[in-house]
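**Q** Spelled out, the chains give:
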Amino acid sequence: MAAETFRLRAATAPVVDNRGMPSPTGTGDATPDRQRVVLADDDVLLREGIASLLERSGFDVVGQTGNAVELLALVRSARPELAIIDIRMPPGHATEGLEAARVIRAELPGTAIVVLSAHVEVDQAMELLADGERIGYLLKSRVTDVAAFIETVERITAGASVVDPSLVQELVKARRRRDPLDALSPREHEVLALMAEGASNAGIASRIVVTEGTVEKHVRSILTKLDLPESGTDHRRVLAVLRFLEAR
Amino acid sequence: MGDQTRQLADEQAALRRVATLVARVAPADELFAAVVAEVGRLLAADYARLARYEPGEVITVMSTWTRTGSQLPVGQRLAIAGKNVSMLVLQTGRPARVDDFADASGPIAAEARAHGVRCTVGAPIIVEGRVWGVMSVGAIQEWTPPADIEARLASFTDLLATAIANAKADQELRELAATQAALRRLAMLVARGEQPEAVFAAVTREALRHFGLGTARMIRFELDGTATLVANEGKTTPDVGVGDPWVGYPPNGLTATVRRTGRAARVDDYGAIEGGEATLREGIRSAVAVPIHVDGRLWGLIAVGPGPLPPDLEQRMAAFTDLVGTAVANAQTRAEIIASRARIVAASDDARRQIERDLHDGAQQRLLALALRLRSAVAPNKGDEAGAEIMDVAADVMAVTDELREMCRGIHPAILSSQGLRPALRSLGRRSAIPVEVDVRIDGRLPEPVEVGAYYVVSEMLTNAAKHARASVVEVDVEASGARLRVRVRDDGVGGADSLQGSGLIGLKDRIDALGGTFSLHSPAGAGTTVCCELPTSADAGHTDSGAGE
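Just so you know, the protein sequences line up as chains A and B, in that order. Per our numbering, the very first residue in the first sequence carries number 235; after that it's consecutive. Per our numbering, the very first residue in the second sequence carries number 4; after that it's consecutive.
Derived by calculation from the structure, the hints in this document are not laboratory data. Accuracy of the hints is not assured; some may be wrong.
Stated by the list, open to error - Calculated pairs, SDA-like style, for lysine to any residue (alpha carbon to alpha carbon, straight line, at most 25 Å):
1. B:171 to B:385
2. B:470 to A:410
3. A:407 to A:379
4. A:407 to A:437
5. B:385 to A:410
6. A:459 to A:399
7. B:470 to A:412
8. B:470 to A:409
9. B:470 to B:524
10. B:238 to B:316
11. A:407 to B:436
12. A:407 to A:444
13. A:451 to A:462
14. B:470 to A:413
15. A:407 to B:433
16. B:171 to B:186
17. B:470 to A:411
18. A:407 to B:186
19. A:407 to B:171
20. B:470 to B:455
Claimed, not checked - Not everything, but these chain B residues come out facing chain A in the computed CB check (under 7 Å):
21. 296
22. 404
23. 407
24. 413
25. 415
26. 417
27. 418
28. 426
29. 433
30. 476
Beta carbons: idealized from backbone N, C-alpha and C, even for Gly.
Go ahead and model the full structure; you've got the sequences and the hints to work with.
**A** Spelled out as structure tokens, the structure:
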């Protein structure tokens, strides 16, 4: 195994008053302090690229590594608000990132986690989401749309759970012989996909340019037509919708 | 006293002469002729006859003797229906007599009456617990058979039985040795990897040599109902060449009968059956065929002829063709393995070529074009347009990465290795252009080659259903139980898929065969296509996860 060094940047050492506290709340861009991030990806070029765009976008990258063991050590010592983890890392190049995410979630449940993967799979998404909120599961290539990526990461650190749109599209577009989705209007289809991606009602409203009240109406109608329970939080809503779409 | 003593001495002398012949292992016809003559003279009969029972209440006359020296036909086959000595002996396994032919019946009795026979006595020849034949004596004139005639006949038939049993055992031994020698030669041929055609010819040659007739042929039944002449050895040449379709055979001839019944068949006279003229013109009046079964399936037949055809020829040939079936199966399996290996290598080469082409025509070309666009975007005269141009290029680069991701999925679905068969098949189903109902009942993971094999069966069938079958739904049913994985994919499309047409399906069969599994395709026109396969999931089918058994 390559003994890759990982680093803790002294210059951006954790701010004392933020340490061990619950993660900042709010919309993200309103947070006065820079969010601290640990980055794990064995592709050094891509990792440096992500680090620099995060730095430019107001994040503080406090540690980088190329494997899961060092990632855990970094997260335990630096206690970042956010860990961005490549799912496939040495030594096995399988799902080491997923295992690491699970450990971080168990030890430090306040840490937001974004898992990046070359391809997204529904079972992995549900496994991740089942461990709690503040979870993102995204295609690696999303990082290239910088604005959207930063917006998504900010939503996740603020408490949202986000699933890559391509995965939602695969689920929604799957053809079924007796499809319960046939009962939905085209607009409701659109709203359902956004719900599955983890958008809040406000987020959906701004995406499809309607009022939040209209979105609420659509959501209620969808839940009734699909016989889904009203869920308390956006996170639980994502999980319920994904589970429904997968089992459909 | 004197009479009785002489009679006894005569009888002892006769028995001694017969016993000497038996001990010398005299030829059967010589022994039989001696026995009937001794018995006829000793018992003061007018005639004596030795006959063998054939299947179906028929006797073959083996030898006769008459007081007058006149010849009675030998080799004649007679039905024994009715009441007569031959029938009584066969039924009871004991000596029998008919004193008055007035109340006897059937063809034998009729013949006896025609010759003026008044009284007949017969005793069984019992070989290995079965009534092998009958020795009978009779008289035309007034004749009082000796009171102990049955016992006296029996002392001769016992000797005969011993001789026949010995001869039979000897004959069987020689035949077994010959069969084994023939099979050893065939096994060598198969082991040397001769082409199936060479093995077929050799097998047919052995059959000819073994049964000593004029001509031997091997005919293979094809799956589409036709037949092929795969070997022809001996004196005559048919109109059909070796390797050509075997056509124009009589509707009740050997080929048609064996195919219909799966059993041995015999034609005694091609002149007497419909469409038999061509065979007759070849000089074949009679022939026998036995089926060849390969892996439990009726594969074809071996025929020999023309006669004289011994009555037990079918049985003797069957013992031979059982083993021939094995030789054919080995040759065929070997040929199939070679063909399937070649196809697997070719398929792998094709796949590499396809990947190279996709990369070259796709990603590589597009990346080159994008690099050019990037260079021109930063040209000095571009000014403010540069930013927008670069953003465009970035978007196109993303499209190329999407394309590469899809290509990777086609080369090997990562979800299969990371998540296992069930998630991989469900994902496959979701991406299909037609609705797919996936039911996967598996606990845990299976050996990787098994998962990959099952995945490609489903993948290929979904592609097929979407492209050719015009199906509205596909059902995928996968279950692991015992040490086997069963996969069934069924669509409701137009059917008519041929496993040998289209490299996709034959490729699947090769893959499943290579894993020691079975692959069957059922695709009648208009009734959908169903593929069933079973794969062994035991450790030797591939590597298993180490957690098994805990």
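**Q** Is it true that the CA of residue 407 of chain A sits at most 25 Å from the CA of residue 186 of chain B?
**A** Status violated; Cα separation ~62 Å.
**Q** Between residue 470 of chain B and residue 524 of chain B, does the CA-CA distance stay at or below 25 Å?
**A** Given pair residue 470 of chain B, residue 524 of chain B holds - Cα atoms ~17 Å apart, limit 25 Å.
**Q** Should the hint that residue 415 of chain B touches chain A count as held when the rule is a Cβ pair under 7 Å?
**A** Since the shortest Cβ distance to chain A is 11 Å, the answer is violated.
**Q** Do the alpha carbons of residue 385 of chain B and residue 410 of chain A lie within 25 Å of each other, as the hint requires?
**A** violated (51 Å)
**Q** Mind checking the alpha carbons of residue 407 of chain A and residue 444 of chain A for me, to see if they're no more than 25 Å apart?
**A** Roughly 24 Å between the alpha carbons, so the hint for residue 407 of chain A and residue 444 of chain A holds.
**Q** So, residue 418 of chain B near chain A? Judge it on the closest CB pair being under 7 Å.
**A** Holds - the Cβ of residue 418 of chain B comes within 7 Å of chain A, reaching about 5 Å at its closest.
**Q** Does the structure keep residue 407 of chain A and residue 436 of chain B at a Cα separation of 25 Å or less?
**A** The hint holds at about 9 Å.
**Q** Below or equal to 25 Å on CA atoms is what counts here, so check residue 407 of chain A against residue 433 of chain B.
**A** holds (7 Å)
**Q** With a cut-off of 7 Å, does the beta carbon of residue 426 of chain B approach a beta carbon of chain A closely enough for the hint to hold?
**A** The hint holds - residue 426 of chain B has a Cβ within 7 Å of chain A, the shortest such distance being about 5 Å.
**Q** Holds or violated: residue 407 of chain A with residue 171 of chain B, Cα cutoff 25 Å?
**A** violated (78 Å)
**Q** For residue 470 of chain B and residue 411 of chain A, compute the direct alpha-carbon distance and say whether it is at most 25 Å.
**A** holds (18 Å)
**Q** Take a quick look at whether residue 470 of chain B and residue 413 of chain A sit within 25 Å of each other, Cα to Cα.
**A** holds (22 Å)
Comparing the model with each earlier hint shows violations of hints 1, 5, 18, 19, 21, 23, 24 and 25; every other hint is respected.
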